[in-house]
Every structure is written in C-alpha cells, then in structure tokens.
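Please work from the sequences and hints to get the whole structure.
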Amino acid sequence: MSAALLIDIILWGSVAGVGFIAWQRGPSVLTASLREGTVDFIHIVPRIALGVIGSGYIAAVIPQEVITGWLGPNSGWLGVATAVVAGAATPGGPVVGFSIGAVALKAGGGPPQVLAYVIAWALFAFQRLLLWEIPFMPARFVWFRAAVSIPFPFLAAAIAMAIGKP
Amino acid sequence: MKEPAQASDAAEDEPRPGHARKPVGWSMIMIGVLVGLSAVLVWRRDGLQGVLDILTRDLALFGGILPRVLAGCLLGAFIAEILPHDKVSRSLGPSSGLKGLLIGAAFGAILPGGPFTAYPVASALLAVGADFGATIAMVVSWTLIGYGRAVAWELPIMGTDFTLWRIVISLPLPVLAGALGRFVYVRMYPLKREAESE
Numbered sequence: 001m002s003a004a005l006l007i008d009i010i011l012w013g014s015v016a017g018v019g020f021i022a023w024q025r026g027p028s029v030l031t032a033s034l035r036e037g038t039v040d041f042i043h044i045v046p047r048i049a050l051g052v053i054g055s056g057y058i059a060a061v062i063p064q065e066v067i068t069g070w071l072g073p074n075s076g077w078l079g080v081a082t083a084v085v086a087g088a089a090t091p092g093g094p095v096v097g098f099s100i101g102a103v104a105l106k107a108g109g110g111p112p113q114v115l116a117y118v119i120a121w122a123l124f125a126f127q128r129l130l131l132w133e134i135p136f137m138p139a140r141f142v143w144f145r146a147a148v149s150i151p152f153p154f155l156a157a158a159i160a161m162a163i164g165k166p
Numbered sequence: 001m002k003e004p005a006q007a008s009d010a011a012e013d014e015p016r017p018g019h020a021r022k023p024v025g026w027s028m029i030m031i032g033v034l035v036g037l038s039a040v041l042v043w044r045r046d047g048l049q050g051v052l053d054i055l056t057r058d059l060a061l062f063g064g065i066l067p068r069v070l071a072g073c074l075l076g077a078f079i080a081e082i083l084p085h086d087k088v089s090r091s092l093g094p095s096s097g098l099k100g101l102l103i104g105a106a107f108g109a110i111l112p113g114g115p116f117t118a119y120p121v122a123s124a125l126l127a128v129g130a131d132f133g134a135t136i137a138m139v140v141s142w143t144l145i146g147y148g149r150a151v152a153w154e155l156p157i158m159g160t161d162f163t164l165w166r167i168v169i170s171l172p173l174p175v176l177a178g179a180l181g182r183f184v185y186v187r188m189y190p191l192k193r194e195a196e197s198e
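Line by line, the protein sequences are chains A and B.
Counting from 1, one number per residue, gives the positions in the first sequence under the working numbering.
Counting from 1, one number per residue, gives the positions in the second sequence under the working numbering.
If you are wondering where the hints come from, they were derived from the structure by calculation, not from laboratory data.
Glycine residues also receive a C-beta, built at the ideal position from the N, C-alpha and C atoms.
Every clue listed holds true.
Derived contacts from chain A toward chain B, CB cut-off under 8 Å, selection only:
1. I7
2. I10
3. F41
4. R47
5. L50
6. G51
7. I58
8. V95
9. A102
10. V118
11. A122
12. R128
13. V148
Covered, in the sense of this in silico footprint (three residues per stretch, anywhere, with C-beta under 8 Å from a C-beta of chain A), are these stretches of chain B:
14. 137-150
15. 175-186
Written as structure tokens, this is what we have:
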C-alpha cells in the first residue's frame, strides 16, 4: 500500500523532473513531448484494457495445480525446463505469477525450479510480451530480446543448485 | 481532401509516423480470442456472477493503473525529446562495450514504475541511438532487478528470503543477456547486409 504510493511518487516525480528539463529547453519542446506522450497513451489504452480486464478470465480457467505439479523437487533439469515453459505460458499479472510460485514452494516444489519459473515468467510471459512489450516497442526487438533471454532461467537455476540457495 | 487514404491510414493504423512501431492487430486478435474463450468457460463454470466478479475486479485494477500508464508514456516522450542523441549513441550504442551494458543495466534497475514505464523508455532509448545489447540489458535489468515489482508483489507473496536470493542470483544476468544480444546481433545483421550487397 505505502510501497505503491512511494512508487507513484517516484514515478510522477521523475515525470515532473524530465518535464522541467524539457520546459527549460523551450515551451515548444514541452508541448511537443506532452502531445506525443498523450497520443501514445491514447493508442495504448485499448490494448491495456483488453490485457488487464481479460487476464482475469484467462487466469481463472488455467488450473494452478497443472503448473505447480510440474515443479517438483526431484524433477531436476527436466523440472527446470518445464518451469521455463510454464513461466512463459503463465497468463495474468504479477499476482498470478508470484502466487503460483509461492504455491509451488509451499507444495514442495524445488527452489531452483521455482526460481527458474519466476525468472522465466519475468523474462518472457507471453501475455506481457503481447500486451505490453510489443505495443510499445519494435516487434523485431521484442522477439530478439525474448530469444536471447532463453538461456538465463537455466543459468539462474544452475547457480541456485551450485550455491544451495534459496 | 486530395489524399484521404493516406491521411486516414496515418491516423488510424500507425501510432506515430516515423516511430519504429508496427500495428499489432494480430496479437490483439489472438489475446481477444483467448479472453473470449476463457470468459465463456468461466460463464459455463461459474455462471454470470463469476463473469461479473472478475470483470468488476479487473476494471478496478485497470482504473488504478491508467494514471501510471499515462505517466509512463509521458516519461518516455520526455526522455526521447531531451536526451542528446549523440551522447546516447556514444554511451549506449553498438561500440559502447561493457560500460554501455552496465549503464543500461543500472538504468533499468533504478527506473521507477512498471511495464508502463519500462517499455516506453526502452523504446525511446532505441529511437535515440542505443543498440539492442544495451536496451536488452536495460529491459532485463528492469524485469529481474528493478525494485518496483519486487517490493510491491514479490516480497509480500514469495517472502523475503526467496526474493533476496532471487535478486542476488539475477544480478549478473542483465549484462550477460545484453552481451549475448550484442554478440548475436552483429553476427545476424552483417550477414544480411552482405547478402543484400551481393
């Protein structure tokens, strides 16, 4: 609650800060960027609406047990690989992703597998790619970035296995 | 009214002319179909009340993040406007080396806000001369090390121990991802350029 407020303050403070710099460059710079930002916002809102309002339905029909069942402690590298696929396939926002991770931990999932799941979800959950990343960024960059990220959940799981944490 | 087609195309389909962005109709349709199917499944399982419950909860969530989306768009637009292009391409461009990747990663880690800030700002960096490698380092760093999501969601849901170790283990990943991106990029695209010139 207070963390969200703090983030809002930092966020709008940053907007005010860069806005002030733009205003110092001249009023036309300020109005031009205000207009561009607003146009971006108007174009993005329908996509965000579909994503945020729709993700509840997608999350509601995917049974969490299906995903957590893949992440057992003795599942080894196959478990890590399925964790990566599960992370990419998890719909919904951070509440869904982290809740599934927490349930998997509580249900006896292996920490390296859960770690791989959380990192894979953070790196390339399909819904975030489609609804957030592609609308804002060139599609070529998004797919390139996702492809380049594929080794890293595995690397993180390997580090976790090596150091025995978390 | 000499060029009606051109004018309306520019207004309807392209978010901004000259901006490196494509219409994304197919991904919207894909998600739309998925959402529609899921809503029907929820309706058959839980009835109209189940559908309405999810709708009201997610509408509230949507209303809550809208101002942040606006803040993110404004932040991206301001940054694109005020960052000196030559300086950005020197410190985050293709020949910026490890330092460029580190700057990108540090920038991603301190960036406030959620996806509504990270992606517009990353897009602005690309537009003003950052290369794929540094931008990948920034996006990956935001998603793995950035404090916004960790503080707001991961700490309360996953617990402190898991979250802190997850972040520690993730520390080297943004720079590695950026380096791998750069490594792959220079090998993919010179080939293409050679093929075109032959």
